Amino acid sequence: MAHERILFEQHWRALRSKKVAVQQLLIPETLDLTPAQASAFDQVVPELEENGFETSRLSGRTIAIKALPAILSPGLAQSLLIDLLDAIEDDRRGLSMDEISSEIAASLACRAAIKINMPLAQERCTG
Numbered sequence: 016m017a018h019e020r021i022l023f024e025q026h027w028r029a030l031r032s033k034k035v036a037v038q039q040l041l042i043p044e045t046l047d048l049t050p051a052q053a054s055a056f057d058q059v060v061p062e063l064e065e066n067g068f069e070t071s072r073l074s075g076r077t078i079a080i081k082a083l084p085a086i087l088s089p090g091l092a093q094s095l096l097i098d099l100l101d102a103i104e105d106d107r108r109g110l111s112m113d114e115i116s117s118e119i120a121a122s123l124a125c126r127a128a129i130k131i132n133m134p135l136a137q138e139r140c141t142g
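Just so we're aligned: the sequence shown equals residues 16 to 142 in the numbering used here.
Not one of these hints is a red herring.
Computed cross-link-like contacts, SDA-like style, restricted to lysine to any residue with a CA-CA straight-line distance of at most 20 angstroms: (1) Lys81 <-> Leu41; (2) Lys33 <-> Ile21; (3) Lys81 <-> Asp57; (4) Lys81 <-> Ala36; (5) Lys33 <-> Val60; (6) Lys33 <-> Ala82; (7) Lys81 <-> Pro61; (8) Lys81 <-> Ile42; (9) Lys81 <-> Gln52; (10) Lys81 <-> Val60; (11) Lys33 <-> Glu118; (12) Lys81 <-> Thr70; (13) Lys33 <-> Glu64; (14) Lys81 <-> Glu64; (15) Lys81 <-> Gln58.
Derived by calculation from the structure, the hints in this document are not laboratory data. Everything numeric in this text was worked out from a predicted model, so none of it was measured.
Using the sequences and the hints, build the whole thing.
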């Protein structure tokens, strides 16, 4: 939990100063959305971009993820976006744009944080 809180605070400060570190993907990941997820996606594209995601609509309900926040491992991007869009669709009518950005930052920190029994690469142990 402490690592998650540290990551959240770091990302939130970077977000507020408009200096979110981004990693470009060599090969964009595609994601097929449900109608509800596609609707939520359309509403939160600016917040996703502010948080370090670069996405584009390919066709219909398919999106491409071209870049992500540097704190997030590329293998976690699709599941994070799906969970995030589902949560936003469920709560969208009651959330402000600032609350949506906070939800995105919290989700990023949660996914990026070191968990118990998680195998670590040497650079995560020393960095």
